[in-house]
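K.L.:
Sequence:
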Amino acid sequence: MNVLLLYPEFPDTFWSFRHALEFVGKRASLPPLGLLTVAAMLPGEWGKRLVDLNVRELKKGDLEWADMAFISAMTVQRGAARALAARCREAGLKVVAGGPLFQAEHEEFASVDHFVLNEAELTLPEFLGDLAAGRARRVYMSDRYADMRDTPAPMWELLDLRRYGNMSIQFSRGCPFSCDFCNVTALLGHKCRTKSSEQIIAELDGLYALGWRGDVFFVDDNFIGQKSFLKQDLLPALINWRKGKRGNTFFTEASINLADDEELISLMVDAGFSKVFIGIETPDEASLAECSKGQNRHRDLVADVKKMQRAGLQVQGGFIVGFDSDGPATFQRQIDFIQESGIVTAMVGMLQAPPGTKLFERMRGQGRLTGASTGDNVDGTTNIVPAMGLEALARGYRRVMGHIYSPRHYYDRVQTFLREYRAPKVRGALQFQHILAAVRSLFRLGVFGQGRRYYWKLLLWTQFRRPSLFPEAVILSIYGYHFRKICEAHGLNDR
Numbered sequence: 002m003n004v005l006l007l008y009p010e011f012p013d014t015f016w017s018f019r020h021a022l023e024f025v026g027k028r029a030s031l032p033p034l035g036l037l038t039v040a041a042m043l044p045g046e047w048g049k050r051l052v053d054l055n056v057r058e059l060k061k062g063d064l065e066w067a068d069m070a071f072i073s074a075m076t077v078q079r080g081a082a083r084a085l086a087a088r089c090r091e092a093g094l095k096v097v098a099g100g101p102l103f104q105a106e107h108e109e110f111a112s113v114d115h116f117v118l119n120e121a122e123l124t125l126p127e128f129l130g131d132l133a134a135g136r137a138r139r140v141y142m143s144d145r146y147a148d149m150r151d152t153p154a155p156m157w158e159l160l161d162l163r164r165y166g167n168m169s170i171q172f173s174r175g176c177p178f179s180c181d182f183c184n185v186t187a188l189l190g191h192k193c194r195t196k197s198s199e200q201i202i203a204e205l206d207g208l209y210a211l212g213w214r215g216d217v218f219f220v221d222d223n224f225i226g227q228k229s230f231l232k233q234d235l236l237p238a239l240i241n242w243r244k245g246k247r248g249n250t251f252f253t254e255a256s257i258n259l260a261d262d263e264e265l266i267s268l269m270v271d272a273g274f275s276k277v278f279i280g281i282e283t284p285d286e287a288s289l290a291e292c293s294k295g296q297n298r299h300r301d302l303v304a305d306v307k308k309m310q311r312a313g314l315q316v317q318g319g320f321i322v323g324f325d326s327d328g329p330a331t332f333q334r335q336i337d338f339i340q341e342s343g344i345v346t347a348m349v350g351m352l353q354a355p356p357g358t359k360l361f362e363r364m365r366g367q368g369r370l371t372g373a374s375t376g377d378n379v380d381g382t383t384n385i386v387p388a389m390g391l392e393a394l395a396r397g398y399r400r401v402m403g404h405i406y407s408p409r410h411y412y413d414r415v416q417t418f419l420r421e422y423r424a425p426k427v428r429g430a431l432q433f434q435h436i437l438a439a440v441r442s443l444f445r446l447g448v449f450g451q452g453r454r455y456y457w458k459l460l461l462w463t464q465f466r467r468p469s470l471f472p473e474a475v476i477l478s479i480y481g482y483h484f485r486k487i488c489e490a491h492g493l494n495d496r
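420 is the number that our numbering gives to position 419 of the sequence shown; each next residue is one higher, with no gaps.
Hints in this document: simulated from the structure, not taken from any laboratory.
The beta carbon of each residue, even a glycine, is placed where N, CA and C say it ideally should be.
Treat the hints loosely; a few may be bogus.
What the hints assert, rightly or not - Computed list of lysine-lysine pairs in DSBU-like fashion (alpha-carbon distance at most 35 Å, straight line):
hint	residue 1	residue 2
1	K246	K276
2	K61	K486
3	K458	K276
4	K246	K27
Claimed, not checked - Cβ-Cβ distance ranges computed for the label pairs, FRET-style:
hint	residue 1	residue 2	range
5	G245	I436	23 to 31 Å
6	E341	M2	21 to 29 Å
7	E65	E286	57 to 65 Å
8	D151	S267	27 to 35 Å
From just these sequences and the hints, can you work out the full model?
P.N.:
Right, dumping it as structure tokens:
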């Protein structure tokens, strides 16, 4: 049996970093980790070929070689996944699909033969057994949660690592919180299940042996869900693993209560973590209460962010507008918070209701759903009828995005961040691509770029005031180019 493992193309989104990746000659930010893990669960004698359509085309020869296609996708890849499944079906391949998109919408994909849903550790073995016996069903689901100690290491060898900006691994699944707009707990539960430290070290060893020296993203729903295990086991193991090695810095996602644990922050920084994404959502207490974001309430959120920055963690933030509690003043409060906190990478989206969330059920009960969520957090759309009215929400949203990603205010925010940020203890290995990116930025941003005077002002300020952070200033300048491109594509730079 020859199997194609197929990952549909992503649209140009905030998190694609496509325009930033051009500076370093990469095609995609992250690999399809789920497919690489599924590949390791398939029979060893099967032929396996990964085709990530974000880095290369699916060719006629690939389809002729294969007997079956496994497709994984997220909601934002809906259109590309539909076209890809139809193409495989037309080529005579059996099509198997799984992942978040199909978990929510498998009834909508007539061109898929079999759906292997929920966690593959539980549903894939049953499918493979039935397939071998000639009695495979169309849908495989489970209401249980997998023991991640049974999860195999991803088959990194299927990748062309040179095409990617970052690699990714997964330490845990699940989140202890209950934000009503988030479908993580509906999919993966409240209990944070973890791999062992030995599994994580083995995965990192595999990447290192293949020559990977770049950033590694821990794609956990909430990395700090098991604090005691992190402090006593995983982080000391990572610190020990780093000895004698170069490169491989880490980044992840966590909740704001990370700011309460100085020991944990220090261990993460010592282990090589340099960035953390935090779901801040809004500085408005009423809106936080509305969405059950209790962990963010009654806090000085700006102080929390700066505490992490001063310890050596760059905070990336998620923000939402469009809660029922939001009013006309909401948009300026979001702008002021983002600028004051120095959160350079600020993902601001209209409130959306994904299937499986409490918000989805509430909006459906009130007759306020307008369709399916796009899965794109910053495309200026929503699938609910906002309390303030769609026109007022869209106008306010454009105002926020137009402000925070205008060159002047973006570069000001980078400088605010660099004032607070402690130079990281662990740095990635300097590679030719980094030198190439710096040179390209000088021309593309410093000579021809919109807001080039702010670019030069930032670089000069950094060189004289925080010279150790000059690489960060260049990288964040390149990120800003990408964010402006995304805003332009969605008409969000029109204030």
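K.L.:
Hints first: check each against the structure and report whether it holds.
P.N.:
Evaluation of the provided hints:
no. : hint                      : result
1   : K246 <-> K276             : holds, 20 Å
2   : K61 <-> K486              : holds, 33 Å
3   : K458 <-> K276             : holds, 25 Å
4   : K246 <-> K27              : holds, 24 Å
5   : G245 <-> I436: 23 to 31 Å : holds, 25 Å
6   : E341 <-> M2: 21 to 29 Å   : violated, 57 Å
7   : E65 <-> E286: 57 to 65 Å  : holds, 60 Å
8   : D151 <-> S267: 27 to 35 Å : holds, 32 Å
In summary, the one numbered hint that this structure violates is 6.
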